[in-house]
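Note that the protein sequences, when read in sequence, are chains A and B.
Numbering-wise (the numbering used here), the first sequence opens with residue 4 and increments by one.
Numbering-wise (the numbering used here), the second sequence opens with residue 4 and increments by one.
None of these hints come from the bench; they were simulated from the model.
Model, not experiment: these values are computed from the prediction.
You may find that some hints are simply not true.
Put simply, identical chains are the same to the list, so a pair is met inside one copy or across any two.
What the hints assert, rightly or not - List of simulated lysine-lysine pairs, DSBU-like, C-alpha gap at most 30 Å: (1) Lys-126 with Lys-181; (2) Lys-126 with Lys-154; (3) Lys-233 with Lys-126; (4) Lys-154 with Lys-91; (5) Lys-176 with Lys-122; (6) Lys-176 with Lys-126; (7) Lys-222 with Lys-126.
Protein chains: 2
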Amino acid sequence: EIVDAIVEILAGPRPLAGRRVLITAGGTLERIDPVRYITNDSSGKMGFAFAEVARDWGADVTLVCGKTDGTPPSGVQTIRVESAEQMKEVVMSRVPQMDIVVKAAAVADYRPLHREEHKIKKKAETLTLSLVRNPDILQAIGEWKQALPGKRAPVVVGFAAETMELERNALDKLNRKKCDLIVANNVAQEGAGFGTDTNIVSVYGADGFAEHLPQMSKKAVAQRVLELAKSRLAPEGL
Amino acid sequence: EIVDAIVEILAGPRPLAGRRVLITAGGTLERIDPVRYITNDSSGKMGFAFAEVARDWGADVTLVCGKTDGTPPSGVQTIRVESAEQMKEVVMSRVPQMDIVVKAAAVADYRPLHREEHKIKKKAETLTLSLVRNPDILQAIGEWKQALPGKRAPVVVGFAAETMELERNALDKLNRKKCDLIVANNVAQEGAGFGTDTNIVSVYGADGFAEHLPQMSKKAVAQRVLELAKSRLAPEGL
Chain A
4 EIVDAIVEIL AGPRPLAGRR VLITAGGTLE RIDPVRYITN DSSGKMGFAF AEVARDWGAD
64 VTLVCGKTDG TPPSGVQTIR VESAEQMKEV VMSRVPQMDI VVKAAAVADY RPLHREEHKI
124 KKKAETLTLS LVRNPDILQA IGEWKQALPG KRAPVVVGFA AETMELERNA LDKLNRKKCD
184 LIVANNVAQE GAGFGTDTNI VSVYGADGFA EHLPQMSKKA VAQRVLELAK SRLAPEGL
Chain B
4 EIVDAIVEIL AGPRPLAGRR VLITAGGTLE RIDPVRYITN DSSGKMGFAF AEVARDWGAD
64 VTLVCGKTDG TPPSGVQTIR VESAEQMKEV VMSRVPQMDI VVKAAAVADY RPLHREEHKI
124 KKKAETLTLS LVRNPDILQA IGEWKQALPG KRAPVVVGFA AETMELERNA LDKLNRKKCD
184 LIVANNVAQE GAGFGTDTNI VSVYGADGFA EHLPQMSKKA VAQRVLELAK SRLAPEGL
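Bound-form chain A, shown alone:
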């Protein structure tokens, strides 16, 4: 207990003490058959950085994880999922209890229309895979928030991973998805995006806020974005 107390003192202020934060991390995995799947390059590092910072700031953290490299941080409640549909179910059931929701996962936009029960044999020279749109979790949260006029709703942070027309795509996403903040990065840029330890992001707010951050560690990005989210929280007890 003495050690815990010292750690607590050394840890400094706990600006998110008493707050509940939900973070999604990693890529979803959309199965084609029992052994094959479609996924993306997300490593989970950005989401893990958010989970660590929120935990260190005293929040009660729920981390919803798809495919990730490495192990989720300790001291947070981690829930493993595979597909976008599973992630949506877990997230939507928990969103109403949250103060801040950070959607750092790279959710697959499409999934195979049919999931084959047995491994597809490689008979044909070509194969056509029919894909259908996955549920849009950020959009679902936005719609749920809009249906709650006057009620206490979490601050929602979305991500836009783009390879071109970053600002236009990010602002368009912010607007369509009704999130409070959007963190945009060009995943094709050196030192940014998937798998790296650093990121280069711009943050846009529904209130017109815009900030272009230089290349910094994913942890520093998480700190800045959580500061921005905290300043948008409704006063406690409301």
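Given chain A, work out where chain B should sit, using these hints.
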């Protein structure tokens, strides 16, 4: 040096001393666009087990790795690749120098016909992905061996990961691919296949050999299969 000498003595016999062994491990990764790809559940554990055993038995080991969980074993030459086409190029350029080739990687059978330069935007409700057959590396090795009559060629070990009709599919593959040994497992079975630490395999030889192994560690499977491969090696110096 004293420690090395002790390790060498403790390590016991080195039945593959002076032999060159090439092992492929993990799954290949076939890109759809800059962030999305198709892959499979292979963890690389089976290939890593082969690399460890071959190294401990004194072989000069080359490990050709796709996507894997965890880190390749030390003391082997590791070459990282992404796609089946890259893996084929690396493997085919090295096969002629090898004594044993173990194709433990799960090579994607199909890849996207087109690789998009920019991230595909999720506009449409449905999407059709055209796939084409990947090069068959095991088949290419078999054809290369057949074109070398009387010459010294490596003992080739293939794998058959199936979810049904295991024996029929494995014997058919052994015959078509002209490998010396085939290791067949039902990847849908508990305690076998992808990601697990154990495997349940049957081994079939071009010489009519057949052996059904019980559930055992992937390392024990590698030991048994390398014994079988070693007994099929041409005498040294030939």
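Against the structure, the hints:
no., hint, result
1, Lys-126 with Lys-181, "between (46 Å within a copy, 18 Å between copies)"
2, Lys-126 with Lys-154, "neither (57 Å within a copy, 32 Å between copies)"
3, Lys-233 with Lys-126, "neither (55 Å within a copy, 33 Å between copies)"
4, Lys-154 with Lys-91, "within (22 Å within a copy, 59 Å between copies)"
5, Lys-176 with Lys-122, "between (37 Å within a copy, 15 Å between copies)"
6, Lys-176 with Lys-126, "between (41 Å within a copy, 13 Å between copies)"
7, Lys-222 with Lys-126, "neither (48 Å within a copy, 32 Å between copies)"
Of the numbered hints stated above, those contradicted by the structure are hints 2, 3, 7, listed in ascending order.
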